[in-house]
Amino acid sequence: MAARSDGASNLAEARAVSKTFVRDEYQLAVLRDVSLTVRPSEVVAILGPSGCGKSTLLRILVGLIPPTTGEVLCHGARLRGIHPGAAIVFQNFALYPWLTVAENVRVGLYRRALQRDEENARITRAIDLVGLEGFEEAYPKELSGGMKQRVGIARAIVGGPELLCMDEPFSALDVLTAESLRSEVYGLWSRGDLGLKSMLLITHLIEEAVFLGDRIVIMGTNPGSVRETIANPLPHPREYRDPAFLALVDEIHAVITQVHLPDERRPDLAARLEPFPNAEVAQVFGLLEVLRDHGGIANLFDLATRLQLEVGRVILVIKAAELFGFVDTPKQDVVLTTIGRELVAGDANARKRIVHARLLVIPTFRYLVERLRRTATMRLAAEVVEEELAMHVPNEPTEALFETIVGWGRYGELLGYDPETREIYLDVESTVAFTHEGAPT
Amino acid sequence: MAITRIRPRAAEAVAAVRSYWIDILLLVVLAALFAGTLALARRWEAPYRAATEIDLSPWALPRYTLLSLARGLVAYVLSFAFTLVYGTIAAYHRRAERIMIPLLDILQGIPVLGFLPGLVLGMVALFPRSNVGLELACVLMIFTGQVWNMTFSFYGSLRAIPGELREVAALHRFGWWKRFRTLEVPSSMIGLVWNSMMSMAGGWFFLTVTEAFTLGDRDFRLPGIGSYMSVAIDRGDTRAMGCAIVAMIVMIVAVDQVVWRPALAWAQKFKVEETSAGVAPRSWLLDLLRRSRLMPWLELELGRLLAAVGGGHADPKSFVREPRVTRALPWMAGLVAALALVAVVAWGSVHLVVLLGTLTASDWAALAAALGLTFLRTATAVALGALWAVPVGIWVGLSPARTRIVQPLVQIAAAFPAPMIFPLVTLAVLSAGIPFGWGCVLLMLLGSQWYVLFNVLAGATATPQDLREAADVYGLGRIARWRTLYLPAVFPQLVTGLVTAAGGAWNASIVAEYVRYRGRTLVAPGLGALITQASETANFPLLAAGVSTMAVALVALNRTVWRRLYHVADERYSLNR
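Just so you know, the sequences run in chain order A and B.
Residues in the first sequence are numbered consecutively from -15, following the working numbering.
Residues in the second sequence are numbered consecutively from 106, following the working numbering.
So that you can see chain A by itself, here it is in the shape it has in the complex (with noise of 0.2 Å):
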């Protein structure tokens, strides 16, 4: 933030900017307040989960939408209409299919109103840096992804843009023409004869951001925010296998960790319908095995790997767990309970007897027994709580996690569903039967 009082040299700036998408009836809150700069001569990668709002921020920054409040700086002046010096390389290339190669770059010369000479040389020039001669008359549609993207940066480039941002530009990308497409940016940008003073990169890979990013600005979802900005002190060239390369991502794995699966737990509110984490019960039982096989501690992306599942996947069995008290989360280490431990040691109807009795103390569950306690025939219709989870729950596909919830319910017999009216109803004689038996709470 040092280069705040001088605001002219930044290439783009964002102060606190929050964007509201509003679509019938629903409105979508994308970003809020957030702030961000680019200053000269340096790559700033943002980071972060899909949904977050990275691609809007850089739209938002570029001039495509406004901001729904906040403000958008350009060399320290409102920016009006699109940045006159940025460029942007797409996620999907978003080239013209209908225009050869060459026209296709051409059209990143539009604004910039050449001769036809200078033009061509400046077309042939760009379409050699990316290693594409020889396809100038091609079609994108005969090219590989690979090639398509490196049309998509001769076309960014080749009007000598000062600020170069890319949207997941690798992303379309198998591996290794990633990783080779990603050195050959890099090398682009260090060239210093383009005209290119900054990069805005952003991306949902550390490993990506660390390698090019000078700057790695973390952001968060609902609504997409900025909660960390580290500095990557890392000399170039970098390399994916530099123990210091590899600490940082670390470092940027346990920020991460960190965002997503706070330590402080929630106070315990009057029984509400509360997100509950979509995450199954075969799901959670499958991580406290993996857990107990651990002796009882893990990293969260060992467990990844470990239940071949995503890593965003992972987080929600892992909340779902801890809700229930399985397990704890200290950092970004994942550790069994003494609940879980006894849970996953017991016989099937022991594992019933703890999920009933957890059940009875999860705000959601309470809620939907006080309700159907409420209502003279002990059933609800499906959708009316479909309606409500949609109001109090708003951020997941309902008709999922009312499944969900319903899984559960019926695995602990707290609750019944009959899927002919389409009712969830209270599962009385367990009810009954397991408090006499005196289960643990």
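Calculated from the structure, these hints are not laboratory results.
These numbers come from a predicted model, not from an experiment.
Beta carbons are placed, not taken as given, at the ideal position from N, Cα and C, and that holds for glycine.
Honestly, I wouldn't trust all of these hints.
Pairwise CB distance ranges, derived in the manner of DEER restraints [unchecked claim]:
{"#": "1", "chain 1": "A", "residue 1": "H237", "chain 2": "B", "residue 2": "V273", "range": "36 to 44 Å"}
{"#": "2", "chain 1": "B", "residue 1": "A265", "chain 2": "A", "residue 2": "V159", "range": "53 to 61 Å"}
{"#": "3", "chain 1": "A", "residue 1": "I49", "chain 2": "B", "residue 2": "I584", "range": "23 to 31 Å"}
{"#": "4", "chain 1": "B", "residue 1": "L492", "chain 2": "A", "residue 2": "L98", "range": "29 to 37 Å"}
{"#": "5", "chain 1": "A", "residue 1": "I49", "chain 2": "B", "residue 2": "L514", "range": "28 to 36 Å"}
{"#": "6", "chain 1": "A", "residue 1": "Q99", "chain 2": "B", "residue 2": "A661", "range": "47 to 55 Å"}
{"#": "7", "chain 1": "B", "residue 1": "W126", "chain 2": "A", "residue 2": "V368", "range": "49 to 57 Å"}
{"#": "8", "chain 1": "B", "residue 1": "A265", "chain 2": "A", "residue 2": "D234", "range": "46 to 54 Å"}
{"#": "9", "chain 1": "A", "residue 1": "D17", "chain 2": "B", "residue 2": "H277", "range": "49 to 57 Å"}
{"#": "10", "chain 1": "A", "residue 1": "A156", "chain 2": "B", "residue 2": "W126", "range": "30 to 38 Å"}
{"#": "11", "chain 1": "B", "residue 1": "L514", "chain 2": "A", "residue 2": "D17", "range": "40 to 48 Å"}
Covered by chain A, per the in silico footprint, the following chain B stretches (three or more residues, Cβ under 8 Å) [said to hold, decoys possible]:
{"#": "12", "region": "514 to 521"}
{"#": "13", "region": "587 to 597"}
{"#": "14", "region": "667 to 679"}
Since the structure of chain A is provided, determine the placement of chain B on it from the hints.
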């Protein structure tokens, strides 16, 4: 992303509870439909009467409108059944496909007047004493205006089902009902609903002709809104014409709201691609029906019944390559059907040749000249239509807000049978001092421009967001933007629109080149006028020659111009990158 509902909709709070009121309403509507069908059936039983007196009082209009609507719906049901059967056989049976699809292509090119004499004379001969024959002939003529594009759409969707999905169905031994529900309905429904809307419009197009026509010295007239209009035109009763136009619009809007909107909104659940561009169709009626208690029960029971009939399990070997349908049609039955078809075609061709043999060389010369004139007119009409509809379609389609308002209006305009207003437009054209030879181009334009607008608009809504963003970032000016982005992006849909519009213009030529108003007859020499005159004077050789010429011309145009343009669209302008 945090989604919050701005205001909980009152309707949704109510919707949470299923309501019996909806069911009572539903039952009332069903009872009314039943009563209506009975009334229509009773009319069909009525003794044969070729030309009914038409009452021009506006109070008679609702009854006429309902009668026409009933005919259109009966024809639609026939079209739907035909589509399912014909489309399925053509899609799954290699050998049948080779005959069935070109046949469909030719049938599509035959204007309704080509079917008229055969259908009417045949049906009346079949039922000499009751009105059923005439009614059936009318229904079948409407059917010929509806069915072809639906069948093409269904066949195309079935052919486009990925092989892997078929293999999954085979591995799990789906019976035909299950396969139909889980595979064929989802992949064809959106296309089928859109084409059904177009078909309904196509069926109405010739309503003034199909309900009231002259065959030589015999007049045929059935009570309906088409006859009402044609009598009003004959007498020059402008007030009655206005009333009929209003009644027609009311009917189209009602059918749109009660049938097509709910069908479209329902079909959205089969949408595969995730592009959020465009406006998702919604329907108040569907929202209402979803609250019914009766409907889910009905759906469940009906599904069970059909599943039982359709058989849960199929022999897995039977339909990975050669689906069950081919087996369901035993080999012998197929052969018999093929032979019967060949016999009918042979008999028809012999007759046609005999008929055409009576024509003289000067007749053929006249036909060729007429063909040339009509070709020029249709080409002009389509070009004029494209000239305004392309920019407007793109301009509207690029903005969701504009699309939301304009799209339903265009659909209604396209569904309105243009020939109904031909006499009024002709009057205006003549009073403006434009010769009728040019004026009828305007009439064709009325019958075709909407297809261009409709398709271009749909194409523009689907322009990928990132291509638009690239145009923004690289500062493309207005002209460059149209040239490099908008026009190429809508090109495939433009071709579809032009093909449909050209078909519409050729069809319209039959009513546009030959307009009668208050006993006066205006003729613009051309193939359409020639066909209409031949039909009115019962000159069957000339009629057959005219209709064949038109069918051949349309097929030739399809095979040369349009197929080439489709190829270009597919090769260079396809957005499936």
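Checked hints:
1. H237/A to V273/B: 36 to 44 Å: Hint holds: Cβ distance 39 Å, inside 36 to 44 Å.
2. A265/B to V159/A: 53 to 61 Å: violated, 32 Å
3. I49/A to I584/B: 23 to 31 Å: holds, 24 Å
4. L492/B to L98/A: 29 to 37 Å: holds, 34 Å
5. I49/A to L514/B: 28 to 36 Å: holds, 29 Å
6. Q99/A to A661/B: 47 to 55 Å: Given about 49 Å between the Cβ atoms, the range holds.
7. W126/B to V368/A: 49 to 57 Å: violated, 18 Å
8. A265/B to D234/A: 46 to 54 Å: holds, 48 Å
9. D17/A to H277/B: 49 to 57 Å: Holds, since D17/A and H277/B (Cβ atoms, about 51 Å apart) stay within the stated range.
10. A156/A to W126/B: 30 to 38 Å: Once the Cβ atoms are compared, 52 Å apart, the range 30 to 38 Å for W126/B and A156/A is violated.
11. L514/B to D17/A: 40 to 48 Å: Since L514/B and D17/A have Cβ atoms about 42 Å apart, the given range 40 to 48 Å holds.
12. 514 to 521: Our answer is that it is violated, as 0 residues pass the Cβ test (under 8 Å) against chain A, missing three.
13. 587 to 597: holds (count 4)
14. 667 to 679: Holds, because 3 residues of the region 667 to 679 of chain B bring their Cβ atoms closer than 8 Å to Cβ atoms of chain A.
Going down the numbered hints, you'll see the structure goes against 2, 7, 10, 12, while the others check out.
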